[in-house]
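Whole structure, please, built from the sequences with the hints as guidance.
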Amino acid sequence: MVRRIGPFLFAFAIAVALIGAPRPWARGLPTIAAASDLQFALGEVAEAFTEETGRQVKLIFGSSGNFYRQIQQGAPFHMYLSADEEFVLDLAKKGFTPDRGALYAIGRIVIITPHGSPLKPDGGLKHLGAALRDGWLRKFAIANPDHAPYGRRAEEALRHAGLWDALRGKLVLGENVSQAAQFATSGSAQGGIIAHSLALSPNVSKLGTFAPIPQSWHKPLRQRMALLKGANDTARRFYGFMREPGGRAILRRHGFVLPGGTR
Amino acid sequence: MDWEALWLSVRLGGLSVLILVPIAIVVGRWLAVTAASGKSLIEASLALPLVLPPTVLGFYLLVAFGAGSWVGRLWQDVFGHTLVFTFEGLLIASIIVNIPFAVQPIQRAFEAISPDLREAAACCGLSWWRSLWRIELPLAWPGILTGMVLTFAHTLGEFGVVLMVGGSIPGETRTIAIAIYDRVQAFDEASAGKMAAVLLLISLVTITLSYLLTQRVRRRHD
Amino acid sequence: MTDAAGLSIRLDQDRPIPLSIELSAVPGEILAIVGPSGSGKSTTLRVVAGLHRPSAGRIVCNGTTWLDTKAGIDVPARRRRVGLVFQSYALFPHLTALENVVEALQDRPPQARRDEGRALLQRIRLDGLEDRLPRQLSGGQQQRVAVARALARRPDVLLLDEPFTAVDRVTRHRLVRELADLRQDLPMPVLLVTHDLDEAARLADRICVVHRGRTLQTASPESLMARPASPLVARLVNLRNVFSGHVTGHSADRGVTFIEWQGRTIEAGLSDAFDSGARVAWCIPADSIIVHRRDRPSQGERENPLSGIVGEAVRLGETTELVVVVGGDDREPFHLAIPTHVARRNGIDVGAEVGFSIRAEAVHLMPAEPDGGEHSASD
Chain H
1 MVRRIGPFLF
11 AFAIAVALIG
21 APRPWARGLP
31 TIAAASDLQF
41 ALGEVAEAFT
51 EETGRQVKLI
61 FGSSGNFYRQ
71 IQQGAPFHMY
81 LSADEEFVLD
91 LAKKGFTPDR
101 GALYAIGRIV
111 IITPHGSPLK
121 PDGGLKHLGA
131 ALRDGWLRKF
141 AIANPDHAPY
151 GRRAEEALRH
161 AGLWDALRGK
171 LVLGENVSQA
181 AQFATSGSAQ
191 GGIIAHSLAL
201 SPNVSKLGTF
211 APIPQSWHKP
221 LRQRMALLKG
231 ANDTARRFYG
241 FMREPGGRAI
251 LRRHGFVLPG
261 GTR
Chain Z
264 MDWEALWLSV
274 RLGGLSVLIL
284 VPIAIVVGRW
294 LAVTAASGKS
304 LIEASLALPL
314 VLPPTVLGFY
324 LLVAFGAGSW
334 VGRLWQDVFG
344 HTLVFTFEGL
354 LIASIIVNIP
364 FAVQPIQRAF
374 EAISPDLREA
384 AACCGLSWWR
394 SLWRIELPLA
404 WPGILTGMVL
414 TFAHTLGEFG
424 VVLMVGGSIP
434 GETRTIAIAI
444 YDRVQAFDEA
454 SAGKMAAVLL
464 LISLVTITLS
474 YLLTQRVRRR
484 HD
Chain D
486 MTDAAGLSIR
496 LDQDRPIPLS
506 IELSAVPGEI
516 LAIVGPSGSG
526 KSTTLRVVAG
536 LHRPSAGRIV
546 CNGTTWLDTK
556 AGIDVPARRR
566 RVGLVFQSYA
576 LFPHLTALEN
586 VVEALQDRPP
596 QARRDEGRAL
606 LQRIRLDGLE
616 DRLPRQLSGG
626 QQQRVAVARA
636 LARRPDVLLL
646 DEPFTAVDRV
656 TRHRLVRELA
666 DLRQDLPMPV
676 LLVTHDLDEA
686 ARLADRICVV
696 HRGRTLQTAS
706 PESLMARPAS
716 PLVARLVNLR
726 NVFSGHVTGH
736 SADRGVTFIE
746 WQGRTIEAGL
756 SDAFDSGARV
766 AWCIPADSII
776 VHRRDRPSQG
786 ERENPLSGIV
796 GEAVRLGETT
806 ELVVVVGGDD
816 REPFHLAIPT
826 HVARRNGIDV
836 GAEVGFSIRA
846 EAVHLMPAEP
856 DGGEHSASD
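Protein chains in written order, with our numbering: chain H, 1 to 263; chain Z, 264 to 485; chain D, 486 to 864.
Hints are computed from structural coordinates only; laboratory data are not their basis.
Be careful, since some hints might not be right.
[Unchecked claim] Restraint-style ranges between C-beta atoms, simulated for each label pair:
#: 1; chain 1: H; residue 1: A249; chain 2: Z; residue 2: S454; range: 47 to 57 Å
#: 2; chain 1: H; residue 1: R252; chain 2: Z; residue 2: L476; range: 56 to 66 Å
#: 3; chain 1: Z; residue 1: S466; chain 2: D; residue 2: S623; range: 24 to 34 Å
#: 4; chain 1: D; residue 1: S573; chain 2: Z; residue 2: S390; range: 15 to 25 Å
[Stated by the list, open to error] Once the Cα atoms are required to be at most 20 Å apart in a straight line, the calculated SDA-like pairs of lysine to any residue come out as:
#: 5; chain 1: H; residue 1: K206; chain 2: Z; residue 2: V447
#: 6; chain 1: H; residue 1: K229; chain 2: Z; residue 2: G331
#: 7; chain 1: Z; residue 1: K457; chain 2: H; residue 2: R168
#: 8; chain 1: H; residue 1: K93; chain 2: Z; residue 2: G331
#: 9; chain 1: H; residue 1: K229; chain 2: Z; residue 2: D340
#: 10; chain 1: H; residue 1: K139; chain 2: H; residue 2: R168
What you are looking at is a predicted structure, and each value in this text was computed from that prediction instead of being measured.
From the three backbone atoms N, C-alpha and C, an ideal C-beta is built for every residue, glycine too.
Following this line, the structure appears as C-alpha cells:
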C-alpha cells in the first residue's frame, strides 16, 4: 500500500515545496529597466543610492527599444532609462509615464578594437576606411540600428564618414550595445562602435583600445529617463538621486556628458 | 552565481512537470487509442512547438497574453497585474512550449501497450480508472518518466520564449538561462561560466537518473 | 432461440467483415467454432465479450440481454460476466501469476481475494508459482494462469480464443487433456474458437462450422463428419471423399437410393428428398470404405464393389494413406487409409490394383454445388 501512494506523496511534497515555499529572495523591490550602456555606471549609482538611503533597487539592462515595447505590453517596471529620449517621449505621449521625464546624460560613441587587431582605433575612422578599401576587414560590430539607439548613432557616423555602404556586408549586429561591445572585443571581429561608458569600464578597457568619434557626426544621444505608472517610493527616490550631485558624478566618471540642467 | 535564478528555473521546471504531465497522460492515452478522424491534425498541432522557432511562439504568446488581448485583460481584471513578464505567464508559456516533450513519449508508451492487455483488463471487470491505474500506468511508466525529465530539462534550458515573454525580471522571470545571457552581456564571464557549469551538471544528473530508472523499470517488466 | 439458460447469439453485419452468425450453447456445453483464418470466428468471440460491436445483432446470456442493436442495448465488456482466454493469453506482464488472477476478483471482499486466487491457481496445479511473473513461466503455465484468470470472475460464459496455438505440440496435448478434465466442473457454456478440427472433435459437444462470416452447420462432431450439410462443409471438416453425380432412382423396399457416378451405379441409403435426375454431391467417411483383403474376405465386400489403381501411397507409421483412381478418371479419386501391415501383406503400392467396397448406409447425399461454386476452402 505504501508503495502505491508513495509517488503521490512525493509529488504532493514537491508541489508544496515549489508553490508554497517562501521565496527566499526579497520581492517588492522596484525593477528599473535601463539601456545597456548604463551596465556599469548604473550599478555604481545603485550602490551609492543604497549606501545613502538604505533602500535597494533591481536593475535590468537591455536594448532601449525592447524595453519600450515591453512597457507598452505591461511590463512591471518602475522606472525606465532610455539611451534615446524619443522612446521616453513617445511613452509619455501614450500615457505610460506620468510626465516627460528628465534628460540624465548625453552619450558618446567610440570606435574600439581588440588587442592584436590590425585595425587601429582612430576617431576619424580613416583607418577603417583604408581597411575596407584594401579588403582585409572581415567583421565589424555595432548595435542593431533597428531598435538600439547606439546602433542608430553608429550608422549615422558611418554614413557621415561615407563608409556605411561598403561596411554593410561586414557588420555583426549586437542585440544591444552591450552585446555589440562583447562582439567588438571578443577578437572575432576586428573592431566596433560602442558606447563610451562601456569602453571606459575596466571589464572592457582591458580587452582593447578606443578613440571617441566626433559628436558632430551623428545626432546627439540624448538619454532620458522617466518614472512609470505604479512606481513606488523607492523608485521615486532613485529617480531623484540620479539628478543629485552624487549620481551625476558617477555618470560623468563613466564617460557621459551631463546635461546642464533639467528639461 | 545567481541562486535566485536557479531556484526560479527549478520551480518553473517542477511546476511545468506537475501541471503538464497529468494533462499529457490524459491526452497521450486518448491519442494512443483513438481512431478519430482529426487525429493527425491534433497530433501535428501538439508537435508544433517542436518545429516552430521560439521567437514565433514567443511572439504569439506575447500577443495572446499582452495587455491588448482579452486573455491579458481578463487576467489583469482578476489578478490585478499583467500576465506577461510574470512568473505565472512564464509558467503558462513553459507548459505550452513543453507539450510535445511531455505528450509524445507518453503517447508512444501507451501505444506500445498491446490492445489485448486493455481488452483483458475490461474482460476481468476492471473499471476504466482501475485499468489505467493498475495496468496501463505501470506499463507506460518509462514513457511518463521520459516525458517528465524532458519537460523539466527543457524548461531549464528554454531561452528564446522566456526572453520574449519574460523580460528578465530578477526573482520573477529571470531564469538561469537568461541570467547566464545577462552575465555574458555584463562581461562577467566568471559568473556565466559557473552558472553554465551548474546547469550542465543538473541536466546531466537529471537525464542520467531517468535513464537509470527507466532501465530498472524495463528490467522489471520484460 | 431460448432465452432461459445459456447463450444465444445472432449477428448480422456487412462491415468491416461480413458476419451472419447464429448459434446457441447451453450451460456445461462446449461449442467449438471452427473455420479457416479470417472466417470471422474470432470476431464472433470478441462480439460476445463486448470488445467489438456489430452493426446488427442480439446476444442473450442466461436471460440477460448483453447486446440488442435494435433496442440500443450494449452492455460494456467490463459488466458482462465473461471469461476470455486470449490467443496471446494477454497476461499483465508486470503482475505475478497470483496478482493476475486477483485482478479479476475485484467483486469479492478484499480479504478473500488472495485466498481465492491461491485456490484457483491450486486447482490448475500452479501452486508454488504464485509469485512468478508471466515471463518467468513456460508457455503452458502461462496458458493455465490465463484460464484461471478467466474463471476467477465466475463467468456466465467462458470464451477460449485459439488457446492452444502458442504452445508446442506436446504441451498442447497435455493442455487439451487438462481442459477436458476441467470441463466437468464448468457450469457455464464454453465457446472454443479453433482452426484445428481434431482439437474441436476431442473437446467439443458440438461444432459450428463458420466460413466467410457465415455459420454453415452446427452439429455434434460425429454427425458433422458423417453428414455434412454441403460439399463446402465436407471440405472444411477435411472430408476428402466428396464426389458428384446424379440420382437415378429410389427403391423404397430395399431402402436404397441409386446414384450414377462416372458411369457406375452407387447404392446409397434411402434419401428420397432428392428427386430422380437431381444433381447431387455425395460423400463417404474414410472409415466406411472397406479395402478388400486377399487373406481375409469379409461380408461388407458385396456392397458397392469398386476397384482402381493406386496413384499415391504415403506411409505414415502404422497407417498408409492411399489415393486410388477408379476407371482411369483421376479428377475424383478415393482417399483411404489402411494399416501399413495390411498394405504390405497384400502388396498394395503405387501402380497396384486394389478392390474396395463402400457401405451404402454411410453414403451421404448433399445438394450439388452450384456451378462456379466456392472451391477455395483452404486454411
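Now the hints, each set against the structure:
One distance hint, 47 to 57 Å for the beta-carbon pair H:A249 and Z:S454, is violated here, with the actual separation near 28 Å. H:R252 and Z:L476 have their C-beta atoms about 60 Å apart, which keeps the hinted 56 to 66 Å range intact. Distance hint check for Z:S466 and D:S623: the Cβ-Cβ separation is about 45 Å, which falls outside the suggested range of 24 to 34 Å. In this structure the supplied range 15 to 25 Å holds for D:S573 paired with Z:S390, their Cβ-Cβ distance being about 23 Å.
Between H:K206 and Z:V447 the CA atoms are separated by roughly 16 Å; this keeps the pair inside 20 Å, and the hint holds. Between H:K229 and Z:G331, the direct Cα distance comes to roughly 17 Å. Compliance with the 20 Å bound is thereby established for this hinted pair. A hinted pair counts as satisfied when its Cα atoms are at most 20 Å apart, and Z:K457 with H:R168 does not qualify at roughly 36 Å. For the given pair, H:K93 sits about 18 Å from Z:G331 by alpha-carbon distance, which is consistent with the 20 Å threshold.
Taken as a hint, the H:K229 and Z:D340 pair is honoured in the structure, with Cα atoms around 17 Å apart against an allowance of 20 Å. Proposed proximity of H:K139 and H:R168 is supported: the alpha carbons are some 10 Å apart, at most 20 Å.
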